[in-house]
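Protein chains in written order, with UniProt numbering: chain A, 1 to 116; chain B, 1 to 409.
Some hints could be false.
[To be verified] Ranges of calculated distance between the beta carbons of each label pair, as one might list FRET restraints: (1) B:S169 <-> A:R39: 20 to 30 Å; (2) A:G33 <-> B:R153: 28 to 38 Å; (3) A:D22 <-> B:L80: 46 to 56 Å; (4) B:G28 <-> A:R39: 19 to 29 Å; (5) B:S295 <-> A:A105: 51 to 61 Å; (6) B:E211 <-> A:D22: 45 to 55 Å; (7) A:G33 <-> B:T152: 29 to 39 Å; (8) B:Q38 <-> A:D67: 50 to 60 Å; (9) B:R79 <-> A:K25: 50 to 60 Å; (10) A:H31 <-> B:S169: 19 to 29 Å; (11) A:E29 <-> B:P88: 34 to 44 Å; (12) B:S169 <-> A:D22: 25 to 35 Å.
Note that these hints are calculated values from the structure, not bench results.
Don't be surprised by glycine CBs; every beta carbon is placed ideally from N, CA and C.
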Amino acid sequence: MPQYAAIIFASDVDPTKPEAADMMKDYHEFHDGAQAVIRGGAALYPTATATTVRVTGGKGGDIVTSDGPYAETKEALTGFYLLECADLDEAVKVAARIPGAWDGAIEVRPVVDFGQ
Amino acid sequence: MTHAGDAVARLVRDEGTRVLATLVRVTGSVDLAEDAVQDAVVRALETWPRDGVPGNPRGWLLVAARRRAVDVVRREAKRLGKEADAMPAVDPFPDPVSVRDDLLRLVFTCCHPALSLDAQVALALRTLGGLSTLEVARALLVPEATMAKRLTRAKQKIAQAHIPYRVPSAEELPARLSGVASTVYLIFNEGYTGRGQLLAEAVRLARLLAELMPDEPTALGLLALVLLQDARRSSRFDASGLPVLLAEQDRSAWDFELIKEGVALVGAGLRRTPSVPNAYVVQAAIAACHDLAPSYSETNWDAVISWYDVLLSIQDTAVIRLNRAAAVAERDSPAAGLALVDALRGLEEYPWWHASRAELLHRLGSPSAAGALERAVETGLPAAHAAHLRARIQKENPGENVRGFTESG
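Okay, chain B solo, but in the shape it has when bound (with noise of 0.2 Å):
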């Protein structure tokens, strides 16, 4: 497709999105709306490219998916014998308010606690992230038809049990947004371990919160983490596809731009929490701190440490207290890492808790790296890591022999 195709095509997409959530309100369906924006859309991409972009195209849009939508219940209507009940009149030209509660709601219903979350992840992609179910299917890794049938069902829950189409009271709003908040942090996750098509549909989703609730931390802090650690996408694997430690990525191919974002964000979500920081804001402040360091070594070891702290603070998991550990060997010693690391409980079975211990021997120069690095690919280290880190202890232990592992190259 041409640039000017492209251009066009996601504009489509956008305000597809926007006008779904508009027809999702007005038809209480979610299947009708879809299929009747899917059709104006594939319009739209027929005629835009060729006529020029009409002067409101979300008002196009919207009147093209409305006929269609009609034109469906009228069909239903005559098939089931009935009158078609009259559909209340969409404006053409919805005022940008009613548009934000209306993409709000369709946030809220795709993120809906009553749907399984796997569900949920599959109708967030599908109607806020304008994937096709093909697409949707092969990001999760999933049968299209296995995905078809989930995604019908979570619809048809949506319709018979009468999941409300709306934003949730004030009350409720805290417990509800955690929810959308791990779904869209889900989807990013799965886009970081490299699918990159889903790392992009989670940024939007993101920005789309962030843009929708512009005073909730959560919002705010979850865009900050997403943007931060998406600022180092082009360094994070080399030519060959092999994932690149953060401390030896070319700072420099890192995105300023998304930093600054960033920063800018997680400043805006500390300034909302006057008291107890949000978990998301302190993640994105942590990921800032090192997008911020010039190099490795002078990343600011104090303030990645005390941010550990404040998220301890919040949630105290053996996993966070694994990563303030590693942060403590780089500001202290490799020694006062490996202590930290050694007393923490319930990690056996943590691939990354044997790394590290693995690592940290390594520097300490004692021989039972090996061995440490070897519970660390039984317990699924993922190859790449479990190479990179061979090849060091091999390289500086010529004598070592690290079992578990043929050479590769």
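For reference, chain A alone in the conformation it holds in the complex (with noise of 0.2 Å):
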């Protein structure tokens, strides 16, 4: 069956912080809800914990890591899932349970398999 990575983006928030408690909520009750499709996932610190590296010239070439996410926006990347589902239609029905989709938006993108 195919895999599919579901990635929240969805306004930053750190986990460890008492309001994230509610919203967690939300999450563990997707989570249980959804645990026959979740093969793996995890949620993420908040963007100001992200390092960006970046390889200049190409392969071999000079290591450069900057402070902060790929791409500042309101919407962060906060974590995901890796479902396996029947098709496309099954996992966008199972991302629109993510509360993430709530307030924020999920990519579905289908995992190559290269045990294919």
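If you follow the hints, you should be able to join the two separate chains into one complex; please do so.
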């Protein structure tokens, strides 16, 4: 069965802060409900903790690290799930239940299957 | 091509679409199925005119296309050093019900909301309309290379993201069907503004939808609408290719067979919507009022206006209000129409709003007609319509100098 990364773009939240508790409740609910198709995933610390790495001049070039996320936008990459679904329609239905979809957006991308 | 050759070509194309739908289901790949069906179609076009059309043309095409698909899969497997998965055998004589379902699946796959609208239109024309990539590119005024890329990307997305090849479930259907209907209507509109080939493809697709979903008001209304508009095709342009306004069209040239069919479909659509009629059905009803009037002045404006009221209760837009105001001007008076047109907000950049004002001001003998026409031109009124309106304003007000135009014979 195909796998999909459901990448969550929502307002940046620090999961260690107490106000994140309500939101986490919604995520726990989602997780319990979608357990059958969730193969993995993670929540990410806020974008302030991000480090962006580039190698200038291509392979073997100089490593340039900079502070902050790759793209500075109002909505940030806050986490992702790895879902295993029959097809895109099912993946879209599951993604719509991720709380991040309610005030942000979820990018659903098929995962390349190198074993095929 | 001879007349008989034409008929064979049409048969091959119609059956080809149906065979394609079945083969996409069997192979799970639009690309592979398309390649295989194209191969079979070429063979049919070579042999049928010479040897005669086989007894079961669809079965013939299906067998030929399947053989080609198996060859391609084997060759590919060999190249990758893998065992070819046995392709499920296709019944060479599929029953009409499964063909119907295959076609329906293909319609919904091509018009899947995960594809961009551009890609939906292109893919629908390519696979369901049977147009070549070059024809699709020409029809949509896009360079062929761009169109080829767009189609490739769409087919890759279908394969890689596993866009399902299925008819949406009952609860998803209304939302998905409206996407399919707007794709077809978009193709129709492109054709209506002058590209006749697209018009024919859109009518074909609308017929297909109505045939596949004979109880869906959206499908019935869409077909009714395109038929009732298409019925006026031959009188919509004059000998020099300029558009002719509805009021001045030669009604005897309208296609009354299409009108009859369209009117019957409006009835069927209305019978299936007891509470709120479907928007396509209502628009078709308005088109039917025009098609059935013996002359422009004898149009049943009461009926037209009440249909507009129904349409406004479904979707209230300034453009619909503008069209309703034009009907009120015909029924009551230019002054009554103008009052409604002037009250509309948000159409300052819409050329037809200014053109309506120019028309009504002109009828009321107001010198402001020229200024309104000027605004219509500035906001993009098609040149032919502008010239038409300008000629009338100048003829009746010879002292009036309409700026923004050059004399054009």
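Range first: 25 to 35 Å. Now tell me if the beta carbons of B:S169 and A:D22 are that far apart. 33 Å, holds
Can you let me know if the beta-carbon spacing of B:Q38 and A:D67 is within 50 to 60 Å? Cβ of B:Q38 to Cβ of A:D67: about 55 Å, so the range 50 to 60 Å holds.
Could you say whether the range 19 to 29 Å given as a hint is met by the Cβ separation of B:G28 and A:R39? Since the Cβ atoms of B:G28 and A:R39 sit about 23 Å apart, the hinted range of 19 to 29 Å holds.
Do the Cβ positions of A:G33 and B:T152 conform to the proposed distance bound of 29 to 39 Å? 37 Å, holds
Okay, A:H31 versus B:S169 on CB: inside 19 to 29 Å? Holds, since A:H31 and B:S169 (Cβ atoms, about 25 Å apart) stay within the stated range.
Within 46 to 56 Å or not, the Cβ separation of A:D22 and B:L80? 51 Å, holds
Does the Cβ pair B:S295, A:A105 satisfy 51 to 61 Å? 55 Å, holds
20 to 30 Å was suggested as the range; check whether the CB atoms of B:S169 and A:R39 agree with it. This hint holds: roughly 25 Å between Cβ atoms.
Quick check: does the Cβ-Cβ distance between B:R79 and A:K25 fall within 50 to 60 Å? Between B:R79 and A:K25, where Cβ atoms are some 53 Å apart, the hint holds.
Satisfaction of the hinted span 34 to 44 Å by the C-beta atoms belonging to A:E29 and B:P88: 41 Å, holds
When you take the CB atoms of B:E211 and A:D22, is the distance between them in 45 to 55 Å? Distance hint for B:E211, A:D22 holds at roughly 52 Å.
Do the Cβ positions of A:G33 and B:R153 conform to the proposed distance bound of 28 to 38 Å? 34 Å, holds
This entry satisfies every hint, going by the numbered hints stated previously.
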